[in-house]
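Model the full structure from these sequences, guided by the hints.
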Amino acid sequence: MIRYIIVFMNVWLLGVAPMISQPGALSGYLTDRETAKAIRGATVRIEGTRTGAITDSKGMFAIKSVPSGNITVVASFVGYSTSRQNIYVRPNEMTTMIMTIKASAVSKGEIVVSANKRIQAVQDVPISLSVLTAEDLDQRSITRLDEALQYVSGVSVTRDQVNIRGASGFAFGVGSRTAVLIDGFSLLSGDNGDIKFDVMPVMDVERIEVIKGAGSALYGTGALGGVVSMITKDPTDSLSITARAYGGAYTMPPYEQWKYRTTLPSQYGADLRVAQQIGAFSFSASGGIRSSESYRSFDRSLRGFGFSKISWQPSDLVTFRVFGFAAIEDRENFVYWRNLNNATLPPSTQNLNERLATEKYAVGTEYSHILSGSSSILARYGFFRTVFENKVDGQRSDSNYSIAYAHNAEGQFTSRLTKDVILTSGLTGRLNWVRSDVYGTALQTIVSGYAQGEFTLGQFIVTGGVRADREETQSIAPQLEISPKFGVTWYVSNPVTLRASVGRGFRAPTISERYANIRYGPFYVQPNPNIRSESSWSSEIGVHATTSAGPIPIDVDVAFFNNELYDLIEPTFALDQASVPIIFVNLTRARILGTEIMLRAMIASTIGIETGLTLMLPRDLTTDETLKYRNKILWYSRASWKPIPQIELQAEYRYQDRIELIDNRLSLFIPDADARVAMHVVDARVFYSPTPAWRVGLLGKNLLSYAYTEIVGNLAPTRSINVQVEFR
Amino acid sequence: MPLPFNKHSIVIALLSCAVISCTGLNPEEVRPVSSILGTVRYAGGTSAWTTDSIYDLRVVAFENQPTAPEDIITFLAQQRAIFTATSLPLRVDSSTYSMDVLATPRIFTYVVVAMQNGPDFLKNWVMLSVYAPSGDPSIPGQVIVPSSGSVKIDFVVDFANLPPQPFK
Numbered sequence: 048m049i050r051y052i053i054v055f056m057n058v059w060l061l062g063v064a065p066m067i068s069q070p071g072a073l074s075g076y077l078t079d080r081e082t083a084k085a086i087r088g089a090t091v092r093i094e095g096t097r098t099g100a101i102t103d104s105k106g107m108f109a110i111k112s113v114p115s116g117n118i119t120v121v122a123s124f125v126g127y128s129t130s131r132q133n134i135y136v137r138p139n140e141m142t143t144m145i146m147t148i149k150a151s152a153v154s155k156g157e158i159v160v161s162a163n164k165r166i167q168a169v170q171d172v173p174i175s176l177s178v179l180t181a182e183d184l185d186q187r188s189i190t191r192l193d194e195a196l197q198y199v200s201g202v203s204v205t206r207d208q209v210n211i212r213g214a215s216g217f218a219f220g221v222g223s224r225t226a227v228l229i230d231g232f233s234l235l236s237g238d239n240g241d242i243k244f245d246v247m248p249v250m251d252v253e254r255i256e257v258i259k260g261a262g263s264a265l266y267g268t269g270a271l272g273g274v275v276s277m278i279t280k281d282p283t284d285s286l287s288i289t290a291r292a293y294g295g296a297y298t299m300p301p302y303e304q305w306k307y308r309t310t311l312p313s314q315y316g317a318d319l320r321v322a323q324q325i326g327a328f329s330f331s332a333s334g335g336i337r338s339s340e341s342y343r344s345f346d347r348s349l350r351g352f353g354f355s356k357i358s359w360q361p362s363d364l365v366t367f368r369v370f371g372f373a374a375i376e377d378r379e380n381f382v383y384w385r386n387l388n389n390a391t392l393p394p395s396t397q398n399l400n401e402r403l404a405t406e407k408y409a410v411g412t413e414y415s416h417i418l419s420g421s422s423s424i425l426a427r428y429g430f431f432r433t434v435f436e437n438k439v440d441g442q443r444s445d446s447n448y449s450i451a452y453a454h455n456a457e458g459q460f461t462s463r464l465t466k467d468v469i470l471t472s473g474l475t476g477r478l479n480w481v482r483s484d485v486y487g488t489a490l491q492t493i494v495s496g497y498a499q500g501e502f503t504l505g506q507f508i509v510t511g512g513v514r515a516d517r518e519e520t521q522s523i524a525p526q527l528e529i530s531p532k533f534g535v536t537w538y539v540s541n542p543v544t545l546r547a548s549v550g551r552g553f554r555a556p557t558i559s560e561r562y563a564n565i566r567y568g569p570f571y572v573q574p575n576p577n578i579r580s581e582s583s584w585s586s587e588i589g590v591h592a593t594t595s596a597g598p599i600p601i602d603v604d605v606a607f608f609n610n611e612l613y614d615l616i617e618p619t620f621a622l623d624q625a626s627v628p629i630i631f632v633n634l635t636r637a638r639i640l641g642t643e644i645m646l647r648a649m650i651a652s653t654i655g656i657e658t659g660l661t662l663m664l665p666r667d668l669t670t671d672e673t674l675k676y677r678n679k680i681l682w683y684s685r686a687s688w689k690p691i692p693q694i695e696l697q698a699e700y701r702y703q704d705r706i707e708l709i710d711n712r713l714s715l716f717i718p719d720a721d722a723r724v725a726m727h728v729v730d731a732r733v734f735y736s737p738t739p740a741w742r743v744g745l746l747g748k749n750l751l752s753y754a755y756t757e758i759v760g761n762l763a764p765t766r767s768i769n770v771q772v773e774f775r
Numbered sequence: 037m038p039l040p041f042n043k044h045s046i047v048i049a050l051l052s053c054a055v056i057s058c059t060g061l062n063p064e065e066v067r068p069v070s071s072i073l074g075t076v077r078y079a080g081g082t083s084a085w086t087t088d089s090i091y092d093l094r095v096v097a098f099e100n101q102p103t104a105p106e107d108i109i110t111f112l113a114q115q116r117a118i119f120t121a122t123s124l125p126l127r128v129d130s131s132t133y134s135m136d137v138l139a140t141p142r143i144f145t146y147v148v149v150a151m152q153n154g155p156d157f158l159k160n161w162v163m164l165s166v167y168a169p170s171g172d173p174s175i176p177g178q179v180i181v182p183s184s185g186s187v188k189i190d191f192v193v194d195f196a197n198l199p200p201q202p203f204k
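As they're listed, the protein sequences go chains A and B. Using our numbering, the letters of the first sequence map in sequence onto residues 48 to 775. Using our numbering, the letters of the second sequence map in sequence onto residues 37 to 204.
By construction, these hints were calculated from the structure, which means they are not laboratory data. There could be a bad hint or two in this list.
Said to hold, decoys possible - Just so you have them, the derived chain B footprint on chain A, three or more residues with Cβ under 8 Å:
{"hint": "1", "region": "341-354"}
{"hint": "2", "region": "527-536"}
Claimed, not checked - Computed from the model, here is a short list of chain B residues facing chain A with C-beta under 8 Å:
{"hint": "3", "residue": "T59"}
{"hint": "4", "residue": "P63"}
{"hint": "5", "residue": "E64"}
{"hint": "6", "residue": "S70"}
{"hint": "7", "residue": "I109"}
{"hint": "8", "residue": "T110"}
{"hint": "9", "residue": "A121"}
{"hint": "10", "residue": "T122"}
{"hint": "11", "residue": "S123"}
{"hint": "12", "residue": "P125"}
{"hint": "13", "residue": "D129"}
{"hint": "14", "residue": "V192"}
{"hint": "15", "residue": "F195"}
{"hint": "16", "residue": "A196"}
{"hint": "17", "residue": "L198"}
Where a beta carbon is used, it is the ideal one built from N, C-alpha and C, also for glycine.
Pasting the structure below:
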């Protein structure tokens, strides 16, 4: 099949080449429409292409290869309404323009996304998509990216599992049903297929895109419930230095029984980022440390991480990028509590000399070449290495060591065939190699080809695509997955957009699910190489509108969705086998119906509110009962107030209803496993900025010190207070 | 069809949280969970403990008496037996135990203190003490666990005089 795809691609490239016109170039100057001041750091892009630029410190931008003829230039920036301007670009000439944009109280700026593997406005995408910008992360003083995802409507995060609209449950830390990428590279580990949030460079993130619903038509395995895609910042021509340090403590827990020490457990961390563009080169480097004594005994951790990205643009049309990151962590291994009465203590049988040591590093390269203003190619390769091992008294303990490599390669071709037709296609390959005393030595390969077309038909944008993935592990018969998608966006009027989409997702079994051979508590987990991929069909309709209620500008989005889940892989007892082991099997057929409402408004010039409510009906169709480990209500609300320009107050509230059903067999080895309540979490922050470069913050998390469980037998973090100092 | 959500649940949740300053999980609250609990005493104290390898030690309640070692894990997996969530302390004079019982009321016909004395979890089990209110360990007693109630059972383990074993 791959041979056919390659032939198809070659034919396509040859066929498309004659249609490519001679490109031109564009430069310009972006200013505030009222004050005429230069706008720095704004996004300027050519609509319908991957091409764009960021304005420099003088508001200038230059795009060296743009389609000749009539084009639309789009400028956007936080706090300004998006501005569009048509202009004629002559072939082989530099065209110069002046653009202005107008300040807007409710606007976060036009959000551009790459959910369809090319840059476009978020409203053009026919599927629900939330975006967290660098400003959003900055405002919340995010220190780990999974914290950021907790503030996205329809998303809940339990440990390292991201649950988008109920697609994921409790999975013993293996097999993420959300694909996670950084600059297009997969960040799922090669053995467990889990997410490694601690390696992600918080200060380098330009934006995080959360695609809600199956996304395998473009992203392949793992995108069963959705996709989290992180895009890192590109340096500008002025030197950028950002430093941040914080320190604080967990307050004493609300009950005497839970006080495991007499002093407050401390936590601290620091980050530094340096970035600049110098001629054809640009670089950014960042790093940080995190230390926590934790609100629980036997849960201390120390972590260090670093990230670097170097870009080289040897010509106007070619860009090379190399990035790398590394993280090491040494932590105590709190698995579950002793019991509810001793919720901050591990089981009495826990060896307190045991540590969990992890190492992760990755290297990625990217080559992009603009063939003309209307077509481009992109090639990527990278690998992600993860190691974990249990140590007792500094020595490796038995039967818990794994080293895994995940190699990823991708070639992509994007072309604007006509003014109204854009084609995106590509080939990808993934190779997971694992050596472990838990999983043995195993090799898994996934090769794929995808193609997608976007057609603009008047007020409609129609998107259709398909992807084929061939997965093979060891000697197991290869599996072929075909994942189509279809979507329509309808610009009903200027502020109102309707969308509808349907798409398929799948997740190939991870090596750990197929080959795990480990004792878990009193039970044995045994291999089951014969499990198949789990899959989903997501469909939704939604409406987005910007309107006003009197003088109050309002941004509102409503979606109705349905996720059909097939052959979900879950651990269960094999009652038909003599030793009754736990094995992973394709067990569950489920359906999740739901609706999601998001609203954002500026109720006064200095007061903003934001809220998102997700209601779901998660149903296990195999057992005809509620799907285990799923919430029915997720609610997130936020308010911010700037009484004076130097001071900002923020408050956030998150609510999740009590999970109705868990696997009560967990009670066999986790005391008080059924102890769970609804979640009410209030976070609040106060920031003071004496100058534009300095900011001091007082940050409180879980201010009510509300006690709840994140996962079975695990008390969630209690109240913590931190002081933070930041320099930009 | 009744609504899956209480239509006022969100408002009520928020208001109640704000008004009564809800704190969530409470270790002190009486949870409507049935349990079997009690004390295990070791005759002869710490010096009486066997020098054999001990891999695990638990109180186990069976709905039906096992007839083969493999029955233990089978019954546990089928939820026809329950055991203490973690191993009991070793080489002590006595220790307390407690285990939650779900799906009550429920009847257990064979409640024991069981020790794993070899590496094979499926086979290497020996019963150290059997709940036998008649005083005759060859006649195990029946335990009825009511809804929202606890049953107290104390055991005495005499390593020199083990009860009849249900299997060789």
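Taking the hints in turn, this is what the structure says about them:
Restraint check on the region 341-354 of chain A versus chain B: 0 residues with Cβ-Cβ distances below 8 Å, three needed, restraint violated. Coverage of a stretch by a chain is defined here by at least three residues with a beta carbon nearer than 8 Å to that chain's beta carbons; for the region 527-536 of chain A and chain B the count is 0, and the condition is violated. Against a cut-off of 8 Å between C-beta atoms, the interface hint on B:T59 holds, since the closest Cβ of chain A lies about 5 Å away. Annotation: B:P63 was flagged as interfacial toward chain A, and the flag holds, the nearest CB pair being 5 Å apart, inside 8 Å.
The interface hint given for B:E64 holds, since its Cβ lies 7 Å from the closest Cβ of chain A, which is under the 8 Å cut-off. Interface restraint check: B:S70 against chain A, minimum CB-CB distance 12 Å, threshold 8 Å, status violated. The beta carbon of B:I109 is positioned within 8 Å of a beta carbon in chain A (closest approach about 5 Å), and the interface hint is therefore held. For B:T110, the interface hint holds, the least distance from its beta-carbon to any beta-carbon of chain A being 5 Å, beneath 8 Å.
For B:A121, the shortest C-beta to C-beta distance to chain A is roughly 4 Å, which falls under 8 Å, so the interface hint holds. Nearest Cβ of chain A to the Cβ of B:T122: about 5 Å, under the 8 Å cut. The hint holds. Satisfaction of the interface hint for B:S123 is found here, the shortest Cβ-Cβ separation to chain A being roughly 5 Å, below the 8 Å cut-off. Because the closest C-beta pair between B:P125 and chain A is about 7 Å apart, less than 8 Å, the hint holds.
Below 8 Å, beta-carbon pairs count as interface contacts, and B:D129 has none with chain A, the closest being about 16 Å; its hint is therefore violated. Here the hint on B:V192 is broken, as its CB sits about 22 Å from the closest CB of chain A, past 8 Å. Taking 8 Å as the C-beta cut-off, the interface hint given for B:F195 is violated, the closest approach to chain A being about 21 Å. Taking 8 Å as the C-beta contact cut-off toward chain A, the hint placing B:A196 at the interface is violated, the least distance being around 26 Å.
Hint status for B:L198 relative to chain A: violated, with the closest Cβ pair at about 22 Å, above 8 Å.
Consistency with the previously given hints fails for numbers 1, 2, 6, 13, 14, 15, 16 and 17, ordered from lowest to highest.
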